[in-house]
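*Asks:* From first to last, the protein sequence lines stand for chains A and B. Just so we're aligned, residue 1 is where the first sequence starts under UniProt numbering, counting upward by one. Just so we're aligned, residue 1 is where the second sequence starts under UniProt numbering, counting upward by one.
Where hints are given, some of them may not hold.
Straight line, CA to CA, 16 Å or less: simulated EDC-like cross-link-like pairs of lysine to aspartate or glutamate [unchecked claim]:
#1 B:K250 / A:D416
#2 A:K226 / A:D244
#3 A:K250 / B:D416
#4 A:K250 / A:D277
#5 A:K250 / A:E232
#6 B:K226 / B:D197
Away from chain A, derived, C-beta distances all over 12 Å, residues of chain B [stated by the list, open to error]:
#7 Y170
#8 W215
#9 A249
#10 V298
#11 V321
#12 A360
#13 Q449
Heads up, incomplete: computed chain B residues facing chain A, CB under 8 Å, no partners named [unchecked claim]:
#14 L243
#15 D244
#16 L248
#17 R422
#18 G429
#19 Q430
#20 D433
What the hints contain is simulated information worked out from the structure, not anything from laboratory work. All C-beta atoms, glycine included, are put in the ideal place defined by N, C-alpha and C.
Number of protein chains: 2
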Amino acid sequence: MPNGSTTIRRAFDGLERGRPTTPPNVLFILADDLGWADLGCYGSTTIRTPNLDRLATEGIRFTHGYAGSSWCSPTRISLYTGRFPGRLQAGLEEPLTRRTAENGIPADHPTLPSILAGAGYRTAMFGKWHCGWLPWYSPLRIGFQTFFGNLDGAMDYFEHVDTLGQPDLYEGETPVEQAGYYTDLISDRAAEYVAADHGGPFYVQLNYTAPHWPWEGPGDPETGRKIRSRYEQDWTHSPLLHLDGGSLAKYRELVEAMDAGIGRVLDALAGAGRSDDTIVVFTSDNGGERWSRNWPFVGEKGDLTEGGIRVPLILRWPAVVAANQVSDRPVITMDLTATLIELGGAEPHEDWPLDGVSLASWLTEGAEFPEHDLFWRTSNQGALRRGRFKYLFDRRERAVLGNWPREPGDYHLLYDVTVDGRERADLSGQHPDVLAELRTAWERLNAEQLPFPPEHPGLPRRSSTTGPAVSEPD
Amino acid sequence: MPNGSTTIRRAFDGLERGRPTTPPNVLFILADDLGWADLGCYGSTTIRTPNLDRLATEGIRFTHGYAGSSWCSPTRISLYTGRFPGRLQAGLEEPLTRRTAENGIPADHPTLPSILAGAGYRTAMFGKWHCGWLPWYSPLRIGFQTFFGNLDGAMDYFEHVDTLGQPDLYEGETPVEQAGYYTDLISDRAAEYVAADHGGPFYVQLNYTAPHWPWEGPGDPETGRKIRSRYEQDWTHSPLLHLDGGSLAKYRELVEAMDAGIGRVLDALAGAGRSDDTIVVFTSDNGGERWSRNWPFVGEKGDLTEGGIRVPLILRWPAVVAANQVSDRPVITMDLTATLIELGGAEPHEDWPLDGVSLASWLTEGAEFPEHDLFWRTSNQGALRRGRFKYLFDRRERAVLGNWPREPGDYHLLYDVTVDGRERADLSGQHPDVLAELRTAWERLNAEQLPFPPEHPGLPRRSSTTGPAVSEPD
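In isolation and in its complexed conformation, chain A is listed as follows (with noise of 0.2 Å):
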């Protein structure tokens, strides 16, 4: 069963098979909210999700992965550019939800796409986006040279709208319209892309909003259809948030799907022979959702404890790569873009320099893993990893130190998360001087990051209580 403290396993062999001499196909998977522990190779005991339990054991499971963030779009802004998510505007809302020029990833931003189609990648995206709206941002604008998918942070999987109720399915830059479950479309798109020949290596990403809200598996169009008509009445949210359905069944049905999607798409890559010399990378863009199980973890998306940023992440890469490996080396997202650069045989550009830290050495020679500190932050928490210890600076209200409710105050914490992930035991007064480097290390980090606006934008927040927006921790 997983947990916080799994042994470390040498993650492959590499001397064996070492780098190969031309550059692999990319295929990233992204799941959307999806939690710690919802697929079975993560120790859920409901949901059933075989095909990426064989896509674990035919490479690299991580128990130490990370998203960047813990909401969607700061991860996915840190998956293209490869760096901490508040060094965008866009980076500091949680989520993105304005729609403006300030808004996005700039065109002018070398991305992990740019990056792969300059060194002569075939690049394509299916599904969601989220990193900024038309006419300021779309994927064509980074670097992706085909998109299908939407642009929002949500849509209904039936009636393809987004969260203020308007199509949001493109083709390109053009509104397409499409009937089908989401979640089988776009898989069947990138099923049909990575079958099909390039010419060259392709890189496609593809992210999945399932399971993320509304709660609506294949046989619901009744339930999209239910959802829509509730924008022309006076409802309080947007009847996507979908705050009077769901379930844990229904949670299973939006995650087995993907399963079967991807499942489909795993299919089209054996049978066009590229299995082999593919890539593949599955996680999460952040903790789970209401309906997620994250155990043993506290917290959820949004949150810096580890329910809101330790993910699923699974690397296969067969020509590389043995089989039945597990590994607790933490992995944060950045760090996948920083690999997948390096492997493509690209280099980042020198005027944005990597937050991440490539992989590629430790995956291909056998090369030490190389150690280096993650980094979160929110506008009411801040967390660095090093090693098996965890800071967690928090002025949020809600108790983390058990079921106490606690004086509102800045809180700075440490944890061993390699043997309670689970963040109960708070070892400050224990180890001070951890505590202190740490601190110290995050803060350096921290004042490298744009700083919150006084009165941040994002969703609703409970700013009466909570005092100035964080730019320090004091």
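Once you've looked at the hints, dock chain B against the given chain A.
*Replies:* Below, chain B without anything else, positioned relative to chain A:
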């Protein structure tokens, strides 16, 4: 796998067996802060509880068992008095910490032990009391004839000091010293008691402090010494709270030691030939605390979401109740009081009518299950369950609608906990009539309770932000 939608099964075969003519013995075992999924028979995949699992297979396992409160001392008050804890000043504390003449179960209050003692039972309590302090209160003053245990809400397992660092082990009302792990000490005393001849039926109340903090397994006397020595230092919280200790592995030891102790008591019962005519009840005083697994529920100890009040509940009575039964009938602590009084051949006092409903006829005669409303109240939440629906009144700032921060306010929520024990799909908009009915019923019962004082004197509270104490939901 247990969840909120277990199939309804008739819990027994009453017509074949019928009510016995002599009063049964009663062994009531109460765990402390044990969560919903912390036993093997309730879904734990890591904690081994063979004795409790076997107890469940030999009787009824309730899947909708509830604690009388989400805090420990109020639930204990509801157990002994058979009434809502809010009918007593001491029941307003969350939990009881003030050692005054005003905070306890008064000696003139009829109780389960005093009523059973009046009907000829020998009564004994082993373990945790937490219903008031000497010189005003003790188990001996409400009808227990024998007492060996501790008075406070928590005790060091080895040092036997309470939350103030004071020795807290008593024989009757006399302080005593006895070396040993507390779980073992009270198990052995209970085993001895149930094996002895008392010349009539007995009622044993066996109240573990396990798996309540501090986090000490049977092999951790050194942790106890360290905790005790901290009382002499400058330490922000009571060292017993043990905020820098514990782990899931340690928590497992605490639960497994309790299970082993229960095994010895049940063996002693069997050895004395009394298994058949003894009602054994096992339950917990509230939902799980920080290391507990409450899946699939939301919240923990202190919350009126299911994670704070849904608890394991097992009843074995071989003479009457067939083995291998599972029931999803909603049962709450004070129902057990009413049931045991009736099965003991006694009557509740007419001036203190019970709030619990006796299940005796359902258990012994095949009568219809006595459907009734379940009611809870804390200083910032209220709840009422009727049939499949649960009304939840919530003025906490902690979000229950997913991960979204929410504006301060009074929330009136409605869940179908038979299909959504996770309480994520708020049905108040779909069933406004049901919401109104349940809310009215809650308000009627709330009006019968003592009001919370304006400055609630319990644990540290965020009173500056939570507004005035609850008296009415509006």
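*Asks:* If a hint holds in the structure, say so; if it doesn't, say that too.
*Replies:* Consistency of the hints with the structure:
A threshold of 16 Å between alpha carbons decides the hint, and for K250 of chain B with D416 of chain A the separation of about 15 Å falls inside it, so the pair holds. Taking the CA atoms of K226 of chain A and D244 of chain A, the gap is near 12 Å; set against the 16 Å cutoff, the hint holds. Between K250 of chain A and D416 of chain B the CA atoms are separated by roughly 15 Å; this keeps the pair inside 16 Å, and the hint holds. Restraint check: the Cα-Cα separation between K250 of chain A and D277 of chain A comes to about 36 Å, which exceeds 16 Å; the hinted pair is violated.
A distance of roughly 25 Å separates the Cα atoms of K250 of chain A and E232 of chain A; the hinted pair therefore is violated under the 16 Å criterion. This hinted pair does not check out: K226 of chain B and D197 of chain B have alpha carbons roughly 41 Å apart, beyond 16 Å. Even its closest Cβ contact with chain A, about 27 Å, leaves Y170 of chain B beyond 12 Å, as expected for a residue assigned away from the interface. Its beta-carbon lying about 8 Å from the closest one in chain A, W215 of chain B breaks the requirement of being farther than 12 Å from that chain.
The claim that A249 of chain B is not at the interface with chain A is violated, since a C-beta of that chain comes within 12 Å of its own (minimum 8 Å). Non-interface call for V298 of chain B relative to chain A: violated, since the shortest CB-CB distance, roughly 8 Å, does not exceed 12 Å. V321 of chain B, annotated as away from the interface, keeps every beta carbon of chain A farther than 12 Å; the closest lies near 29 Å. Against the 12 Å criterion, A360 of chain B stays outside the reach of chain A, whose nearest CB is about 34 Å from its own CB.
A cut-off of 12 Å between C-beta atoms confirms that Q449 of chain B is not in contact with chain A; the least separation is 21 Å. Because the beta carbon of L243 of chain B sits about 6 Å from the nearest beta carbon in chain A, less than 8 Å, this interface hint is met. At its closest, the beta carbon of D244 of chain B sits 6 Å from a beta carbon of chain A; the interface hint therefore holds under the 8 Å criterion. Taking 8 Å as the C-beta cut-off, the interface hint given for L248 of chain B holds, the closest approach to chain A being about 6 Å.
For R422 of chain B, the suggested interface contact is upheld, since its CB lies about 6 Å from the closest CB of chain A, less than 8 Å. Hint on G429 of chain B holds. Least Cβ distance to chain A is approximately 6 Å, under the 8 Å limit. About 6 Å separates the beta-carbon of Q430 of chain B from the nearest beta-carbon of chain A, less than 8 Å, and the hint is met. A cut of 8 Å between beta carbons decides the hint on D433 of chain B: the least distance to chain A is about 15 Å, and the hint is violated.
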